[in-house]
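Asker: In case you want the letters, here they are:
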Amino acid sequence: MLSALDIFLQQLVNGLTIGMIYALIALGYTLVYGIVQLINFAHGEIFMVGAYLGLLACLTLKGLFLGSGGAVLLLILVFFFAMSGTALLALLIERFAYRPLRNAPRLAPLITAIGVSFLLQNAVMLFFGPSDKSFPGLIPVTKVQLGVVSVTNLQILIAVVSVLLMVILHFYVKNTKTGKAMRALADDRQAASLVGIHVNRVVAMAFLLGSALAGAGGVMFGMYYNTINFHDGYLAGLKAFTAAVLGGIGNIPGAMVGGVLMGVLESLGAGYISSEWKNVFAFFILIVILLFRPSGILGERVVKKV
Amino acid sequence: MKQTAGYFFPIILLSVLVYAGCGGSSSTQVIKIGCVAPLTGDQAQLGIDTCRGVKLAVDQANQKGEIFPGYHLEVLSLDDQHNPAQAVNVAKRFVADLDTLGVIGHFNSSCSKPASAIYHQARMVQITATSTNPELSRQGFDTFFRVAATDDVQGPRGAHYALRHLKANRIFIIDDKTTYGKGLADEFEKEARAQGMEILGHEGITQGDKDFSSLLTKIKPLNPDLIYFGGIFPEGALLLRQARGLNISATFMGGDGLANPLLVELATSPIAEGTYATMVGGDMHAVPTAAPFIRDYEAQYGPIGQWSAYGYDAANILIQAVRRAGTKDRQTVLRALRESRPFQGVTGEVVFDPKGDNQNQFIGVFQVQNGKIVYIGPAE
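Line by line, the protein sequences are chains L and E.
First residue of the first sequence? That's 1 in the numbering used here, and the numbers climb one at a time after it.
First residue of the second sequence? That's 1 in the numbering used here, and the numbers climb one at a time after it.
Since the hints were made in silico from the structure, they are not lab data.
Keep in mind that a hint or two might mislead.
Taking lysine-lysine and the DSS-like style, the derived pairs with C-alpha atoms no more than 30 Å apart in a straight line are [to be verified]:
| no. | chain 1 | residue 1 | chain 2 | residue 2 |
| --- | --- | --- | --- | --- |
| 1 | E | K218 | E | K113 |
| 2 | E | K328 | L | K133 |
| 3 | L | K133 | E | K177 |
Distance windows between CB atoms, simulated [claimed, not checked]:
| no. | chain 1 | residue 1 | chain 2 | residue 2 | range |
| --- | --- | --- | --- | --- | --- |
| 4 | L | R183 | E | N247 | 54 to 60 Å |
| 5 | L | P100 | E | L98 | 55 to 61 Å |
| 6 | E | Q121 | L | N103 | 35 to 41 Å |
| 7 | E | S249 | L | L110 | 26 to 32 Å |
Where chain L lies over chain E, by a calculated footprint (3+ residues, C-beta under 8 Å) [unchecked claim]:
| no. | stretch |
| --- | --- |
| 8 | 202 to 215 |
| 9 | 244 to 255 |
| 10 | 260 to 268 |
| 11 | 284 to 293 |
All C-beta atoms, glycine included, are put in the ideal place defined by N, C-alpha and C.
Pulled out of the complex, with its shape left as it was, chain E reads as follows (with noise of 0.2 Å):
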């Protein structure tokens, strides 16, 4: 049924459109800016969070006045469900929407991968602000740009954190088969190795199972110092409750699909002690110029999700280069944020590369202690 809205939705869209066009109406045009990410099913939290830093920076700049003259912004949420196939869909629907701009997503790495070759084709930019699969640069899509921290940093520095500081050297490696998840565990083991560290095996999940009970007692003899795993937390959640279940005291880490609240949560505060994860950045409330942004998000919507502040820049950077443009037309928005120049977000420092990826990686590690999930110092 929603699919095949998918199709026709566009269609009917473009007729009131040009019907609109004719009418020449006397107040301000609306341009759109896309945000997409899951809003539904087990993360559509994470996508709630990241849509709603979107809409807080589109609000912020109507309240400011035109965005130039005649036209006002609009947040255009779409919710592809973290299904690739979906997201693909959503990715024709904005780009059939005359309005839309630019799209900030999508959430998930493999959701991104395959909508930025339709993005790229309607030359419409896409700025992820959270996708951290290392590959979605390399494609040559010169539509494509990112805010987070790419997994070829996070993986790496995850590997360096673990034999630094945590003295681990026997490590057990489980991803979840996702874009995101294996590439990420695929970084982390390459550097890993490289460290010299011994690596006791590398074996994939199924997103949506339940039971990693067989895969934990083939673990368990093997008695590795540390488990990493990429993927998400609700797989995450699980593994540790088994693990710790089968007596397997190894320490777990991850990337930050698991630095969420719902990690502890799901796994329930005593076992869920002492996990780490890295993230694509610090602490935001540790940072002095985010305050105004918590403040206002907080107002809003209550605490500010992990992926908020993420949002809320990559909606910046997409407004400000429609700014610059100062017209509706999707090359010209496209031009303007090639011009590469420094964003001050309140993640930090923004500046994109010739592929589009943010040259600031920052690593932050955070560690799972009274029940919550608390920054500890960059992952060097």
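Just chain L, same shape as in the assembly (with noise of 0.2 Å):
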């Protein structure tokens, strides 16, 4: 029989679970938010996009890996099309979209970003069919029994990959040259200039790695929940934003401890209180902290400007 506390942990551990995808997603937010104060509501999107090249790169090699080898290889090509190929397609938004808009005023990008999620979602639509999609179980799914808690090596694979994804980012952004300039560039855009940072190229950096962040999370929730369609970016997305607000807009720890933050409570809401109530919780608590920490739990990392 299961006690209350064996309970809580599988609880805990199904937030965990679906929280380390809120984060992949919610870095894009903020990263591109730090740099751009643009509010990239195509994100979600790019997610959903990644899950559907994910399920094109499946079916297109699984024929080629059958044996039990071929499987982890399989896996990383996945992960690697899926994540090309959602940068490449940040890189084009970018640049079609929202560069021109750049020194426009800041609604005109933000609707501009509404319209290309639009764009993404109906041409998937057009090109997928508008059923829900089967998402081929690219590894046999076993389980792993950590005392009376129930893990699946799924949900250890996700959490490995996305831990292993953030501890990149976090070392690309504070030690290398670009990531330097990003966060020049998020201080002040114009000094950054001066001094000789290419600021285009930052900024489509910075769209670039949030994008295949996505892409990855995109396959792993088509894996984790073996069903993808076109309207799953729309709900993911939005969490995934309000992951990056809870934990501060801006500040890259702050959205990977929103994300995890955001499962964690989404499932505990869902499952102590009520399961109709999932989404109104998960929003409800975003009220709550906003209204006693306005920048989010670990702040914004954007300097206002005097």
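With the hints as a guide, dock the two chains, each given alone in a separate frame, to form the complex.
Answerer: Here it is as structure tokens:
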């Protein structure tokens, strides 16, 4: 028989898994916002496109890797294909939809982002069809018993890949030249360009990194839930955006904390209060936190201009 | 964009019609039969199946010649995206199109409900082939008819079946909070309680959501014999997968929303095995009188869908009423349909009661066996 503590731990595991995916998407919102102060509402759709690209890669490559040793290689290739696909897509979107509006009033790129989001949704619907698609199981799912809590190898994979990607991103932004340029741009775009930083290139890099993470998130989302739909980017994107705000938008560790927190709170809310109020619960927490800490848990990283 | 177009289109259409009327064209004039269902989105296949049934009925009627001298039939299919707000827009568009004498639809109960008021106001016949929520016919609209059986029959018969044949006593109920899903689950619960079954809980989920593991983790220690789901297959498939992933072995049962081959595809074959679904009707392939319909349908569109025969029957009932009316007038068609006469359809005999419901309410039970949804008998 399961004790109350076991159930709590199981709920925690459920929440952590989806929280990791939220965190990956939230990083994309936060990276872009930190640098160009644009809330990229098409980001949820990029995540969804990532899931579909993963599906496409699975279907085309699956025949080539039937042996058990091929599974790992297939997995890596699927991730690679989805991440590079979404990165490329983001570069195109940035170049043709956002860059021309770089110096326009802030509302213009925001509305463009919503337009891009509709465009992507409908493009995927036309190309892949409107009904749910079954996402093939890339790895045989096995259960690992940690005490009484059952964790699947898939959940462990999601956690490991997410943490790995977040750590890489963290060091990239902290230690590389482009990373430093990103932080310089976030501090003061004009001053950064005066000291010779290639603004367009660095902004494009932020879009690229964020979208590659969303692409990886999309593949894991597909693997975890096994069905994907062109609508999936909307709610996941909205929750990830909330997570980014929760952690403090523009703040990279904040997005990670916000995402994981969002997943866990949602899961506990659905488990202990009512699953009917699952989404309400997530957004309610956001309101409460913003009432007391308007700049998020870890604070906005955007320097206020005087 | 689409919604704005929805308002402008009837105006343009009307002005075109006025001109066409003045022209006095020599060929036969058109009478339209509307078909409305989700034609895009995750339930698109269900809607397309229904409207293809309607199209087949209309094509066959046209092949026999003019419906009455000087007139031929056409189908106008519109998409309500299983969105109640969009359903209202579509209903207004049908009403504004003077060629449309009646509508087959809507597909979803949540769409049929708001739209039915608009058809009632316009004195236009609405025959839903598929909406099963009992509230729809209790609104007192004489323009409302339905072919499908209702959830206040489907839910209780499901409960009886669960108790008598599946020996299920401890039940957890989940619904998707839609008019259909909640209505069906509530009716199931009412009867299950009356039969003395133990209801461990009844919770809602959100359509379009993907993660139900929190709810299922809560259900697991309750150890139910059976989980009843009032909802549609996309969420049903996810619930099944996630329940089995958490080692919940309870029998899974639902209504007609689950009886779809896509359930098996999305939940994958070994996991979906053994799932029960009640359905407002039996196995079309087992009904001898349905054979010509199945042959004609499959020659045109491939395998029949879950609701194809219902769309076909609903359309034929409307066509018959138009023929009896013998004039292009909504009120007369309505009166012709109100003179209730038994109709021999492929889904069985259809007789409307004063509320517009089909008196012949047959509920069948289906089960997923070897990856196929198989008819196993009437639900009693």
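Asker: Would you mind marking each hint as holding or not holding in the structure?
Answerer: Right, here's what the structure says about each hint:
Between K218/E and K113/E the alpha-carbon distance is near 33 Å, which puts this suggested pair outside the 30 Å criterion. Between the alpha carbons of K328/E and K133/L the distance comes to roughly 44 Å, so the proposed pair goes past 30 Å and is violated. Simply put, K133/L and K177/E have alpha-carbon atoms about 23 Å apart, close enough for the 30 Å limit, and the pair holds. Look at R183/L against N247/E: about 47 Å separates their beta carbons, and that is not inside 54 to 60 Å.
The beta-carbon spacing between P100/L and L98/E, approximately 47 Å, falls outside the hinted interval of 55 to 61 Å. About 53 Å separates the C-beta atoms of Q121/E and N103/L, a value inconsistent with the hinted range of 35 to 41 Å. In this structure the supplied range 26 to 32 Å is violated for S249/E paired with L110/L, their Cβ-Cβ distance being about 49 Å. With 12 residues having a beta carbon nearer than 8 Å to a beta carbon of chain L, the stretch 202 to 215 of chain E meets the requirement of three or more and the stated coverage holds.
Requiring three or more residues with a Cβ within less than 8 Å of a Cβ of chain L, the coverage given for the stretch 244 to 255 of chain E holds, as 3 such residues are present. A stretch counts as covered by a chain when three or more of its residues have a beta carbon under 8 Å from one of that chain; for the stretch 260 to 268 of chain E and chain L the count is 4, and the coverage holds. Counting residues of the stretch 284 to 293 of chain E whose beta carbon lies closer than 8 Å to any beta carbon of chain L gives 0, which falls below the threshold of three, so the coverage claim is violated.
Going down the numbered hints, you'll see the structure goes against 1, 2, 4, 5, 6, 7 and 11, while the others check out.
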